[in-house]
Structures are given as structure tokens and as C-alpha cells.
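Chains P and Y, in that order, are what the protein sequence lines are.
Start counting the first sequence at 1; every next residue gets the next number (the working numbering).
Start counting the second sequence at 1; every next residue gets the next number (the working numbering).
Please keep in mind that the hints were generated in silico from the structure rather than gathered at the bench.
All values reported here derive from a predicted model rather than from experimental measurement.
Where a beta carbon is used, it is the ideal one built from N, C-alpha and C, also for glycine.
Be aware that a few hints might be false.
[To be verified] Simulated DEER-style distance windows between Cβ atoms:
#1 P:30 - Y:346: 52 to 62 Å
#2 P:254 - Y:397: 29 to 39 Å
#3 Y:389 - P:224: 21 to 31 Å
#4 Y:179 - P:30: 14 to 24 Å
Take a look at the letters that make up each chain.
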Amino acid sequence: MSISDLSPLSAQGGSHVRAVHDEFHGDLLEVSMGPHHPSTHGVFRMIVTLDGETIVKLKPVFGYLHRNHEKIGEGTTYLGSMPYTDRLDYLCSMTNNWAYAIAVEKLAGQPVPERAEYVRVILAEITRLLNHTCLAGFLMQDLGCSGTPLMYAFREREYILDLFESLSGSRMMCNYQRFGGCRVDPSADWLEGAKKLTDRYGAFLDEFEALLTGNEIIMTRTQGVGRLSPELAIAAGITGPMLRATGVNYDLRKVDGYGVYPRFDFRVPLGAHGDVYDRYMIRILEMRESIKILQQALASIPTGPIMDPKAKLRGFRPKAGEAYGRIEGPKGEIGFHLVSDGSPNPYRYRVRPPSFINLTVLEDMCLGHTVADAVIILGSVDIVLGEVDR
Amino acid sequence: MIAAVTTDAFLERAPVLLRDAVTGFLPEPWHTLVNALIAIALILGIFGTLFAFITLAERKILGRVQNRPGPNRAPIPFLNVRFFGLSQPFADGVKALTKEDVVPRDADHVLHYLAPVALLAFSILTFAVIPYGKHLVPVELDAAVLYFFAAGAATELAVFMAGWGSRNKYSLLAAMRALAQLISYELPLLLSWVPVVLIAGTLSTTAIVEAQAGWKFGFIPHWHVFTPWGFAGFVIFMVAALAESNRSPFDTPEAESELIAGHLTEYSGFKYALFFMAEYFGMLALSGMAITLFLGGWRAPLPFLEFIPSYVWFGGKLIVMILGFIWIRATFPRLRIDQLTRFAWKFLVPLTLINLGNAAFWSLTFHWTGPLQIVRWAVGIVLVIGPFVVMGRKLSAGVAPRTYRYA
Chain P
1 MSISDLSPLS
11 AQGGSHVRAV
21 HDEFHGDLLE
31 VSMGPHHPST
41 HGVFRMIVTL
51 DGETIVKLKP
61 VFGYLHRNHE
71 KIGEGTTYLG
81 SMPYTDRLDY
91 LCSMTNNWAY
101 AIAVEKLAGQ
111 PVPERAEYVR
121 VILAEITRLL
131 NHTCLAGFLM
141 QDLGCSGTPL
151 MYAFREREYI
161 LDLFESLSGS
171 RMMCNYQRFG
181 GCRVDPSADW
191 LEGAKKLTDR
201 YGAFLDEFEA
211 LLTGNEIIMT
221 RTQGVGRLSP
231 ELAIAAGITG
241 PMLRATGVNY
251 DLRKVDGYGV
261 YPRFDFRVPL
271 GAHGDVYDRY
281 MIRILEMRES
291 IKILQQALAS
301 IPTGPIMDPK
311 AKLRGFRPKA
321 GEAYGRIEGP
331 KGEIGFHLVS
341 DGSPNPYRYR
351 VRPPSFINLT
361 VLEDMCLGHT
371 VADAVIILGS
381 VDIVLGEVDR
Chain Y
1 MIAAVTTDAF
11 LERAPVLLRD
21 AVTGFLPEPW
31 HTLVNALIAI
41 ALILGIFGTL
51 FAFITLAERK
61 ILGRVQNRPG
71 PNRAPIPFLN
81 VRFFGLSQPF
91 ADGVKALTKE
101 DVVPRDADHV
111 LHYLAPVALL
121 AFSILTFAVI
131 PYGKHLVPVE
141 LDAAVLYFFA
151 AGAATELAVF
161 MAGWGSRNKY
171 SLLAAMRALA
181 QLISYELPLL
191 LSWVPVVLIA
201 GTLSTTAIVE
211 AQAGWKFGFI
221 PHWHVFTPWG
231 FAGFVIFMVA
241 ALAESNRSPF
251 DTPEAESELI
261 AGHLTEYSGF
271 KYALFFMAEY
281 FGMLALSGMA
291 ITLFLGGWRA
301 PLPFLEFIPS
311 YVWFGGKLIV
321 MILGFIWIRA
331 TFPRLRIDQL
341 TRFAWKFLVP
351 LTLINLGNAA
361 FWSLTFHWTG
371 PLQIVRWAVG
381 IVLVIGPFVV
391 MGRKLSAGVA
401 PRTYRYA
């Protein structure tokens, strides 16, 4: 019996696996990929059982970067947790901040001025550009490009990080959102810089796509690899571009319509196959939509206060109760669940990390594929270990 | 005119004259031995230096392609002058020599030690039969081409030795991949130059270069690459050479993102440097052979450029080929091992076989002139493009750019 005869999932759940020691077929090979492996995107480990080069079992191991994030959140004030959310997904600190701010604002019934909402949308979409660009670069690196797409992506990333730095003082750990607004008001110069970036970004995407999207090697490597069915994706709680690549129309920007997103005209690209190529392409197309949102937001950003004047930063004590705030982060639904007992600290602080939940279907996507595919499937999931391990 | 001819001839013969001047001091019985030793020393010296600067050029060019400067810090020793990082390869050499040589405890020490040595030895052997200039052929062999590929094929053994001897799972996977890949690509590599032998009627590299002498219409050289079968053979040869020398996009055995460093995972220090060197030597040797077989060897590309010595032309062509290798590496992602072998067996091998028939047709119609000459070219071109298009379509069936819908 060859591995292709096996269905990846048995009726009882779990995967069919041939015994590691088998007198007739010979032994299977168990390889530990990670925690220090060039392409595990941090300290992630996959214990892979191989039949030749075909994966018959894949056991993800994580927690190497566990740092008690949620318990720390219970021990600090609401505001004190804000910089910690930067460290979850260190590529997307702006969206992490926003998701946390939304949760706390819901808890405290705190309104947000319009200008701040616009700034938040602008920053979230720039973060989406940043994240998807980096992801595409990393994915191509995993595919074996010797650095060229990655360096192109990182060139653009630097421009974005310059913007973040000039606004918040930090390139990656922005700590920018506050409950009831944003920390500093972006200057006209900054908005002009963001506009320039937006105007230029389409040309970069064109260049990137000209190099990669139509490439025969990339298409043969990624099409049909790591398929994820929409049923499994929904059952496993997959969100973000990974879910939309399977063809499920679920984008929180449309579903929840939080912030000022309903005012902008943008489309949600959907895949049909749920394979690595779809996941790559959905992200590229999403970036093009983000550019559209950015253009509209930058053209129509109103003047006014950046913080709600009644917002309380010191001695902030929300009423007892609980709230769940979520946004469409670049990687999927990033949410924070907070339970307040009326004290300055949350009673319970819980993160819904999209990286971690999207990673749970890794084995289902990898079974029957080769080691080389496992690497790009992992790359296409788009994980940041800071968020997976928390 | 006469003066020009003499300088031309002098420059052409300069290396040989120099060698004879050195050996002239010795008694007659020693001449053959010393001549051979000088040739060996020259090959090692020149290709060793070339290797050093190609690594630098590769890193520099990759850097420029990727919007970064590349290595530019290594100063000239004792002067503290940074000259484009030109001393980087020597700094790397010192580093490799002084690094600790780590051997895994459970490794097969003999194989682990022998693998880089064997790889390097076999790849140096291949340099012996390449004609570097009109008078510069280290060893004149009747079956030089056969010898070249026999010695080159032995490098597969060394890669497997390294993978097996390291006792590392990544190395073992790499060794299996390397065997599958090298054996698959050996076939198109060998079959792609058979048409050349068919047309030239010899296995001697010198005679193959001789066969490419002369000009069509007074300016198009009679190189094999300027014929339909020759062009196809050259392209297939280069694709197979990329795979044989483990270069991107066929670098599956040492696929960095998958197998860490493949068969090199457990190598450090100078053994690693030897592997590195052997791979570049292999690349240089295959490029040299491609030049000899298809690109007219040491011949000038245009008649009025023939005053430049032949070895300069050979060196120039070699550098252009290497730059091509680097360019390809900077551009393409890697194929998967099964796709790679499929590409060899289902695409390249049939193409080479058809190309062989094409070359046979070409050689049987050598006397066709006038309108028949046009027919000859048309048939030749159709026999190249037709199978390429048909099989290419089959190869990439099911793979196409997609269109996406929006919610």
C-alpha cells in the first residue's frame, strides 16, 4: 500500500500512519525540522515522518517563545498591556494595538473621534501592505529564490517602517493606539508621505508580480499544493486570507464594518482552490485593494481631535463586565477578550491569535506532500511565532 | 601586414614559448614531466584564482540585483584600504582554514573526510581535456569528450558519500535527492552533445573546435550553436549543466530552505570550502565544455577580431557563461525534486533524442544548396520548435495563471 492510497483523515479523526518500524516496507524516517531551521519562521518545530520524501505524519511543536503574555495582561493595567500587544505579531503592531483598543473601548463604552478612526484605517491598511509584502517575500525565499524577492519586499518594508517610526517613534513596536483615539496626531507632512507611499506601491506590486506571479516554476511549485477545503477551514476557525483563498467570503471589514470601513469602496478577492498559489495571489490582490482604501482614506481624512477629550488614561477603571473586540488583521481575525471586575487590571485577558489558529490545520494541508512542500505550506500560512506562542 | 601576423602569432604562442623557456634549462628527458607539472600548476592556479573571484563576483552581482551592495568591507591587508571588497575571497579562505573542523561523533569518518577530496579531485580531472587556446590543450585525448563526462559523473559518488557519511537525516535526504537528480540529468547532458560528435565525427575536443572553423557569409562563425540542432543541444546542455552543478533553480540537494544545507549540513571549515570550490570547478568545467562543443571553443566571434589571442576569447566566453549562471540564480526559485526529475525524463530526454535525429538529418543533407538549403534550415528549425512546443504544453498542463473573483 502506498501513501497515496491513504486518505489523510480517518473517520475517527487523526491521520493514518504506517508504523515507523515496518519489516516489509522498511523504516520511515522521522525528521525534526526546527526549532532552528532556516525556514520555520522563528522557533517553530515540525516533527515530520517521511516515507521517502512524502510526509505521512506531521506533528507541530510550539511554545518555545511562550512568555506568559495573557497572564502578564492580567497583572498590568489596561494601558500597560498596550505595548505588550506590539510583541504578539511584531510585523503588525498597529493592527494588534487597534484590536486591543477596540476591545477596551467596547468595555468602557469609549467613543473614538472621526479623525482617529481614519488614522486607524490608514495605519491598518499600511500594516496590511507591510505584512503581505513581507509574507510574499518570505514565501518566495522558502520556494528557493536566492533572496531577490525578499530583498525587494524588504526595500518597501523599510519605507513603511520609516513612516511608522516618524509617527510613533518606533519602527516595529509602535504602541500607537490609545483607548479613545491615537497617541499623536499625524502631521500634514506625514500624511503626504503616506500618500506618496500609496501612490508608488502599485508600481512596486507590478514589478513584484512581473518577476514572480507568472513564473512557471512558482506555478508548478504552488498550484495544487497544500489544498485546504472550505469546510475544514470553517470548522477549524481559519480566518483571513487563508480562509478567503478557499473561497469563503468572510472579511471582518465587511462583516463587522468596524471603524469607518463602510465608507470606503473596496472589494474582497476570493480564491477557488485553497492552495498555496491562491493564498499568495489573494494577498497580492488584497494589497491592491488596500491601496484603494488608502487613497480614499487619505483623500477624505477630516480634521479634528485625535483623542476623545473625555478619554481617561490615568486611573482608568472600566465597569465590571466583559467585551470582545476584533478586527480583520493582515493574518486573520485578531481579537481580544477582556473581563473586567472594576479594578485597574483586567480580570481575564485573552488573545485570539490568527497565526496560531491558522496553524492548526498544518498537518491536514501537508499530508501526502513532500518536505519541500511542507516548507512552502508553512510559509503560506503566514505565522509569527510571537503570536503563536504568546 | 607581416608584422601584424608575427605579433599575432607571438601572442598566440606566448604561453607555450614561456613554458619552453622554463623547461629549456632542464635536460631533454625531463621535458615531458616538467611540462605536465607546469600545466597542472597553471590549471590549479588559474582556476583557483578564478574560483575566488567568481565567488566574490557572484555575491556582488546577487547583491546588486537585490538592492544591496554585497561584500565591500574586506580591506587590502596591512594597508587598510577597502578596494571594492576585492580581498574578500582571501579573508574567506583564511576563515575557512582556521575554523574548527567539526565531525559528528557518529559520522563515518573515512567517508566524511574523503567526500570533499573525491569531489574536488574528480572535478579537477575534467579540466585536463578542455582546449583553452590554439596551442593550449593540457592533454590531447582521442576520446576527450567521453573522458570529460566520465570524470564528471564520478562527482555524484562524492555527493552521496558526503550525505551518507555525515549521519544526518537532512544530509541523507540530500544524498538521495542528489543521486536522483544527477542520474536523471546525466542522460540529457550526455545526449545533448552526441549530435556534436555526430556532426564533427570525432570525440577529440581539439578536433571539435577545428570543425567549427570558418565563416558563413564572411562574418557568421561556423559554431554549432548557430545551427538548429546545435542551438537546441546547447540550451539542453546548459539546463542539464545547471542541474549537474547543483545550481539554482536545480539546487535541490542543498536546498537551503528545506534541508538546511543538504549534504553540506555537517561540513565546516576547510572541508566545506573544498565542496564549495569543487562545485564552482564543476560549473567552470561544464561551461568550458559547452564553449568547446557549441560556442566555437577558443575561436573569435567575428573575423576581424581574430588578432586577439585565442585564450582570451576562451576566458571571455567562460566569464560570460558564469555571469549567466549567476543571473539565473538571482532570478529563479527552486523546483521540487519530483518535478525536476520529471522535467528531465519527460521533457529533456525526448527532446535530446529528437535533436539527435535532427542532427542526423543535418549531416545527411550537408550537400544541399540553393533552395534545398532553405528546406534544410526549415526542417531543422521545425524539428526543434515543434517538439519543444508540444512537449512543453504537456509538461505545464494544469498549470496556468488564474483569474480571481471578488465578493
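**Study point:** Satisfaction of the hinted span 14 to 24 Å by the C-beta atoms belonging to residue 179 of chain Y and residue 30 of chain P
**Key:** holds (21 Å)
Review point. Are residue 254 of chain P and residue 397 of chain Y spaced within 29 to 39 Å by their CB atoms?
Key: Check passed, 37 Å falls within 29 to 39 Å.
Exercise for review: With respect to the beta-carbon atoms only, verify the hint that residue 30 of chain P and residue 346 of chain Y lie 52 to 62 Å apart.
Suggested key: Distance hint for residue 30 of chain P, residue 346 of chain Y is violated at roughly 32 Å.
Check your understanding: Does the Cβ-Cβ separation between residue 389 of chain Y and residue 224 of chain P fall within 21 to 31 Å?
Key -> holds (24 Å)
Checked against the numbered hints given earlier, the structure breaks only hint 1 and satisfies all the rest.
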